[in-house]
Amino acid sequence: MCGIFGYNGGIKAPGIVLEGLRRLEYRGYDSFGIATLGDKIRVRKQQGRIPETGYETGNLAGSIAIGHTRWATHGIPDHRNAHPHLDCGGKIAIVHNGIIENYLALKQELTGKGHRFQSDTDSEVIAHLLEEVYDRDLLTSLTTVLPRLEGSYAILAIAQGDSRIIAARHRSPLVLGIGDRAMFAASDMAPILEHTRRVMVLEDGDIATFTPESVEIFHDGRKVRRPEEIIEWSVEDVRKGGFSHYMLKEIYEQPAVFSDAIRSLRKEEVPLVFSESGQVTIVACGTSYHAAMVFRYLLEEHCHVPARVELASEFRYYPPPLSGLVIGISQSGETADTIMALEMATLQGSPTLAIVNVVGSSLSRIADATLSMRAGPEISVAATKSFIAELAVFLHLIDVMKSGSLGPHLDHAHQAMEEALLIDLGNAVTCCRAAKDIFFVGRGPYYPLALEGALKMKEISYIHAEGYAAGEIKHGPFALLSPETPMVAICAPGETYAVMTSNIREMKARGTPLIILGEQGDRDLEELADVFIPLPEAGSIAGLLSATVILQLLAYHTADALGRDIDRPRNLAKSVTVE
Amino acid sequence: MRPLTKNRPKALIPVANSPIIDYSIRALVATGIREIIVVVGYRKEHVIRYLNRCEFPIQVVEQKNQLGTGDALKCAEPLVREDFLVLPGDNYIDAASLAKIKDEKNAVLVQDHPYPSNFGVVITKKGEVTEIIEKPEHAPSFTVSTGIFSLSKDFFTVLKGTELTDAVNEMIARGGHLKAVSTGAWQDAVYPWDLLALNKKTVGGIDPVKSGTIDRTAVIRGAVRIGRGAHIGPFAVVHGPAVIGENARIGSHCTIGPSVSIGDRVTVEPFTLLEDSLLMDDSSIGSHSRVVEAVIGEGSALMDHTTVTPGTPFMEIEGTVIRGRFGCIIGDQVRSEPHCIYQGAIVGNNTRIRGGKMITGLDAAQDGVVVV
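These protein sequence lines are chains A and B, in that order. Counting in my numbering, the final residue of the first sequence is number 579, and the numbers go up one at a time with none missing. Counting in my numbering, the final residue of the second sequence is number 1372, and the numbers go up one at a time with none missing.
What the hints contain is simulated information worked out from the structure, not anything from laboratory work. Here the structure is a predicted model, which means the values were calculated and not measured. Take the hints with a grain of salt, since some may be wrong.
[Stated by the list, open to error] Here are the simulated DSSO-like pairs of lysine-lysine, each with C-alpha atoms no more than 27 Å apart in a straight line:
id: 1; chain 1: B; residue 1: LYS1153; chain 2: B; residue 2: LYS1064
id: 2; chain 1: A; residue 1: LYS107; chain 2: A; residue 2: LYS267
id: 3; chain 1: A; residue 1: LYS240; chain 2: B; residue 2: LYS1200
id: 4; chain 1: A; residue 1: LYS223; chain 2: B; residue 2: LYS1102
id: 5; chain 1: A; residue 1: LYS436; chain 2: A; residue 2: LYS458
id: 6; chain 1: B; residue 1: LYS1210; chain 2: B; residue 2: LYS1200
id: 7; chain 1: B; residue 1: LYS1210; chain 2: A; residue 2: LYS240
id: 8; chain 1: B; residue 1: LYS1044; chain 2: A; residue 2: LYS240
id: 9; chain 1: B; residue 1: LYS1100; chain 2: A; residue 2: LYS223
[Claimed, not checked] Over the 10 Å line for every Cβ pair with chain B, so calculated as not near, a few chain A residues:
id: 10; residue: ARG49
id: 11; residue: ILE230
id: 12; residue: PRO351
id: 13; residue: GLN415
id: 14; residue: LEU421
id: 15; residue: HIS475
id: 16; residue: GLU484
id: 17; residue: GLN520
id: 18; residue: VAL531
Positions of the beta carbon are idealized from the N, C-alpha and C atoms, including for glycine.
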């Protein structure tokens, strides 16, 4: 997914496009760029997010501008691959959202005709194709070129000497905005609504040209009209798509995130560094650290490979006689501690692997190899879908080591998450919202889930929550248990079941309100529990995922009941880029 | 519609691999309507998540308590700026029918129905509606309201109660006109077996597309849509119209269709016959089975040698005794062991059926039970 934005209407064009791109950052943020059309075409682009302040639009000048914010698919996210792309002569500029499926064939053909490509992207072929047929009418050129493109696109194009922006779409979204002597085009309404409420949605196969005063739309060579609409909702509504919070939206995206991640991981080779390693060390912070702990349990159980999991911030204080692979894992790929830890591992001569959501982020640049978790942009500060995507990556790695024996479980694991989304947590929320302290316990791979459940609870509801390995409760925390301290226990069938239930009985004796996640129809647990939550696919790998979803939702609904600012919890930032 | 509506609102039940609401939205878009407001309530997050996947933005309004259709419309009032169409999100309608009423000031789409007592029965005089009688015991005519209206903005002045029909009658009583426009395209699903008819209708309208891998000995006849990554095994025969979802696997020597929808990641093992059926995502049917007129919920597995054959059981549902003809309606995540027979059977969600059982009527209709 990428975002595109175009503006035709006045001298402030570069600034307006820059602001518009900021609104589209949720569609991707690994590089951005702007092209302006004045006396000639000028381009400025760079890697990374749009800076909060201090970005100079520099030499950009003109009343027409197009911009792009990128989420890399073809070619790493760097300055070269950032849009806009130019033709060889620098007289035509384009931005593109979508995927040109036949770009390799087109690129070969164009290279044969002497075109020089500056990037590894699929999009650049469009600029060169236009150059090939351009004869001072960009509309005709684009009309000629489009039938040659296979795949999906929303394109904005400008050419020197033409005072129009030409737009085209096919299976990628594109919306036009009609302002006062100014016209806009964007991937969605978010950046347009600041300027005008009058919009037109283009249809597949439409080509539009716009000047500050007028819009013309063509379809199959005929001029057509598209209805104009007045939009009365806010920019925030557009992006959250009807959900009350980004966090809830992202929780609901998880089944799809998991399946998509598994499917696309299967299409690529596992990095050599992983398949050759005999021992694994994983460094991570926060939620990623918990995902890594789950990995450790599963890796040692299924593959008998010894694994160490370290907090990235503590890693450097260990005297490191490192051997084997070091994996750094971070959603943003910019977590300062994780970067430092991986740099240190590199200095020791260890092979390194980065697992990140943002392709081309700092972490992936210093590692020998990178795996992308493909969760899509995560906006909510409290990580949810990136945790599930990290588990997808780890489970895939184990599946590869086990020569595919986990495969069928992974294919259907998303169903357990779907089921978890249907569970009513009303009683559990009533129990939690009144508490000052909440404990989360589990054993085996459920222990890191207890930690993650507690982390979600404290970060968004501000209720003090602690996760423990159930066996540790007796070594101290037991002193804190009382009828005022609810306990959330994950107790699935399997190796840990018997001892978990005896732990739970001991807690029950302290009068602690018990919220238990267990297998549906488990009469013993139902009797013990004050609130029993049936865990879909309890006891299997899918059960780990469904338990995660339930704990996330418990934190979410508790925070919501308390009226917290869920997407922007106090004192927290999305990625921690300082030590 | 239980067991299928426990885990999803009726509007999201898939027929021909698209949720029912998708057909209404597509019909609206094809009629040239771009401003669409969806009132959500039951399982709203699922509806919102689905709507977010749509190509263009759809506005969402929440109805806090599901009081009635009139109340639902009232929730959308602040967003309605001009004359508008109102339609239920869980019925099927086509663009041509919507086009007939779109430019009328006040109109309702009506259709003849063999069981009018389940609907609002429409009394007309010279093409104008004089009254709509909601679910009468003795219906004075076979013409029923589809619940699809074209209304003017000032309709909201009569919209007081919770039911849309009451407000429409009130409008007529005050001297307002409501034109009755008939259609033949509308289809509602009141009982779960009505989905079979809805499935037949929607599968009949698909565009054939062949993706995936099809063994060269397999035979594909008629309009068949096969999704990406799907696999059709040797000597399988698919009679259109039929839809096969992404990454589905059809074993060798299977006979599929006509009027079959198969969801994503569904497995049909070898030597199985499927006819006039709807299999939702992630479900599976074992080898050597014969499955006719079946609706199978998400993730359910019927093991080998299963027989599903149409029956016409009498059933008491919500106090009334009714009779429908169907093979089986099976909820989500059901496990059924080998050699079971289903005849006119409704099976609840998360139910387990031990091997060799014969199930009819409401024998296993409760959720989460084990039938031994």
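Hints, verified against the model:
1. B:LYS1153 with B:LYS1064: 23 Å, holds
2. A:LYS107 with A:LYS267: Holds, because 23 Å separates the two Cα atoms, which is no more than 27 Å.
3. A:LYS240 with B:LYS1200: 36 Å, violated
4. A:LYS223 with B:LYS1102: Answer holds: LYS223 of chain A to LYS1102 of chain B is near 24 Å, not above 27 Å.
5. A:LYS436 with A:LYS458: 11 Å, holds
6. B:LYS1210 with B:LYS1200: Cα-Cα ~20 Å, so holds.
7. B:LYS1210 with A:LYS240: 35 Å, violated
8. B:LYS1044 with A:LYS240: 14 Å, holds
9. B:LYS1100 with A:LYS223: The given pair, whose Cα atoms are some 26 Å apart, holds under the 27 Å limit.
10. ARG49: The assertion about ARG49 of chain A holds, with a minimum of 24 Å to chain B.
11. ILE230: Non-interface label on ILE230 of chain A violated, nearest chain B Cβ at 7 Å vs cutoff 10 Å.
12. PRO351: 33 Å, holds
13. GLN415: 5 Å, violated
14. LEU421: 7 Å, violated
15. HIS475: Holds, because the least Cβ-Cβ distance between HIS475 of chain A and chain B comes to about 38 Å, which exceeds 10 Å.
16. GLU484: 32 Å, holds
17. GLN520: About 7 Å separates GLN520 of chain A from the closest Cβ of chain B, which leaves it inside 10 Å; violated.
18. VAL531: Label holds. Min Cβ-Cβ 18 Å, cutoff 10 Å.
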